[in-house]
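S.K.: Residues per chain, in single letters:
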Amino acid sequence: MHLLRERYHTEKELIEGCQSGKRAAQEQLYRKYKGMLFGICLRYAPDRTSAEDLLQEGFVKIFFRISSYDHKGSFEGWMKRIMVNTALDEYRKKNRQIATDTFTEAVHQDLAFEMPAEGSMETLVQLIQELPDGCRTVFNLYEVEGYAHKEIAEMLGISEGASRSQLSYAKAKLSERLKNLFPKTYAVVR
Amino acid sequence: MQWSDNHQHTPNDGWQKGLQSFEAQPNDQLWHRIETRLDERDQYTHARKLTVKRYASFASIAAVVCLLALSSVSFWNQQSEQSNVQPLATNDKPTLQTEQYANDVPTSADNNSTQAVHFQPDALKSVNPSEKKSAEKGEILNPIPTVVKGSSSNVLKAVAFNHTPVTVVSAPEAVLQPSDFYHASLVALGKGQYCTSHYNITMAKMMMCNKDHLHYEVDRMLRVVEDKIASHCLCMAEEYPSDCE
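In order, the protein sequence lines correspond to chains U and S.
By the numbering used here, the letter at position 167 of the first sequence is numbered 167, and the numbering carries on one by one without gaps.
By the numbering used here, the letter at position 57 of the second sequence is numbered 1057, and the numbering carries on one by one without gaps.
Isolated chain S, as found in the complex:
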């Protein structure tokens, strides 16, 4: 016999309809059992909502704390970076070492702590940083060379060569230009390794600060440059970028 009832059919017989509409009454206590299950579910749902709320609050607090911590770390980092370039507000008046200049070239020093350095670029062709004598000119390089207005490139070459600190000297009326130090630090960093914009910012800020503190600030800046020189072992005095010449 073929089975063809693969489609849904509608029960039409009397007993089928009777079964469809058949009703009966359960135990009276059944509602209380259902109610208990619903109460348990409501308590669970309430407890879960409470737990979620607690976790959410904790997560919010933790996020705020982390954000504050990160902000403070970032702030202090910025502060410490800026402290290298910020002009110090001190009441100390650094002593300016003065020189007499003729034609923008240092002549002699009547200061017992510094001497003007006069040397030709050719004198620094040697790559040995320990050499104290110019090979060609016979000039003896002062162990503490100075920077003089207009001759910053010369002195910074000396810095590269001798790895010694540099003292900035300026005439009372002289106004150091940012470009002086920019070029100086370009030279100091040597071969192909130019200073970063950090120094440019430093120059601009220094020009804006009290000129009485200029000496101190430049000295500190140049110490930074010296550290850079030392870390990069820069001694190729003749290999300066062309724009510094």
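Looking at chain U on its own, in the form it has when it is part of the complex:
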């Protein structure tokens, strides 16, 4: 357990401390939000080590850019956006091009799946990490962040059709894995 005495009692003080470059403020901010932001990184990264690299890179960007935060809007939302964008930047570096013709039209089905009761979020995140990079990214952007396919296509430089295909494949893959893990309670296609 880290015995860091909290010097900054309000979010405003904490942000201003970080904007002043105070190392104590930066550390306090890190310890306060690392759990939430690491959860984001785990969803976008293929494994834990990559997720920690993402978290490190994301926090560095947060501290470099915090002077531009104008206290308008949610600070958590601001940090989450930076973390997601960091993940997308990393994805773009690794994958210059997503294959757009990987999936046939038949895969374009509005698949839905339900999480079995005995399943945990940790299990689901691990399954998400097993997805291919493109599918995982589209799945996160659509199902968790709530972006539309048109926006995702613009962000990733792909077509809308490719975005839909990737999402469909991701759902199908997740359903298949969940069915294998929880054969008795998992319901797949509607």
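Just so you know, these hints were derived from the structure itself, not from any lab.
Worth double-checking, as some hints may not be accurate.
Capping the alpha-carbon separation at 25 Å, the derived lysine to any residue pairs in SDA-like fashion look like this [said to hold, decoys possible]: (1) K184(U) <-> L156(U); (2) K94(U) <-> Q56(U); (3) K34(U) <-> R1037(S); (4) K22(U) <-> W1015(S); (5) K1017(S) <-> T123(U); (6) K61(U) <-> E1035(S); (7) K1053(S) <-> Q1043(S); (8) K173(U) <-> W1015(S); (9) K173(U) <-> A117(U); (10) K61(U) <-> H1046(S); (11) K22(U) <-> K1049(S); (12) K61(U) <-> T1036(S); (13) K1017(S) <-> E52(U); (14) K80(U) <-> T123(U); (15) K184(U) <-> D1013(S).
These figures come from a predicted structure and were not determined experimentally.
Once you have looked at the hints, place chain S on chain U.
M.R.: Just chain S now, kept in the frame of chain U:
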């Protein structure tokens, strides 16, 4: 099946909300890695600020040095220009060559170095600067013509014609007017090429200076005029500006 979800949607399913609020703990050493990156950035920023400060100081010093150099060059240029017109503060008393005048016209010279020159404007109709004899009057032009009060235009014509130095002579009581030299230099520069205001300033300053040095100053000024004549090859003695007549 129609795809109609081209608008942003809100994830409402339980597992979606679960993923949104999902948290996990990273490695304990991660903060130290972040801290190291921040330290590197702080050092870089500090070094860059120091470099900028150094360059700014160097640029300021260089600018000041350049400004001083330019100022000194400009100052010395002005000094050298003014030295041509500034009256010299010397203790030497130049010898004034005196003449006796009658009706403001030189008669004879009892000075062994100068002779009064008397010639008519018509005598200078020749354009050949090497001619020593007046074509019409038969007057022989003295190789060292002199300027006499009231007849400056005559003598300066001689200067134009002979390209010889001119000695200014004045009666002790005479007071040379700036206009005398102004007209003289107008004439000397010849056809359409009037003297500049430099000479006007020269005249005014000369009037203000000690009259004992007047001879020296005028002589020097007229040498300048002579150089101008030589450089412009002015020999058209009859083509003087009308206001000099």
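S.K.: Hint by hint, say whether it matches the structure.
M.R.: Here's how the hints hold up against the structure:
no.: 1; hint: K184(U) <-> L156(U); verdict: violated, 37 Å
no.: 2; hint: K94(U) <-> Q56(U); verdict: holds, 18 Å
no.: 3; hint: K34(U) <-> R1037(S); verdict: holds, 17 Å
no.: 4; hint: K22(U) <-> W1015(S); verdict: violated, 38 Å
no.: 5; hint: K1017(S) <-> T123(U); verdict: holds, 15 Å
no.: 6; hint: K61(U) <-> E1035(S); verdict: holds, 12 Å
no.: 7; hint: K1053(S) <-> Q1043(S); verdict: holds, 15 Å
no.: 8; hint: K173(U) <-> W1015(S); verdict: holds, 16 Å
no.: 9; hint: K173(U) <-> A117(U); verdict: holds, 19 Å
no.: 10; hint: K61(U) <-> H1046(S); verdict: holds, 18 Å
no.: 11; hint: K22(U) <-> K1049(S); verdict: holds, 19 Å
no.: 12; hint: K61(U) <-> T1036(S); verdict: holds, 14 Å
no.: 13; hint: K1017(S) <-> E52(U); verdict: holds, 23 Å
no.: 14; hint: K80(U) <-> T123(U); verdict: holds, 22 Å
no.: 15; hint: K184(U) <-> D1013(S); verdict: holds, 21 Å
Checked against the numbered hints above, the structure violates hints 1, 4; every other hint is satisfied.
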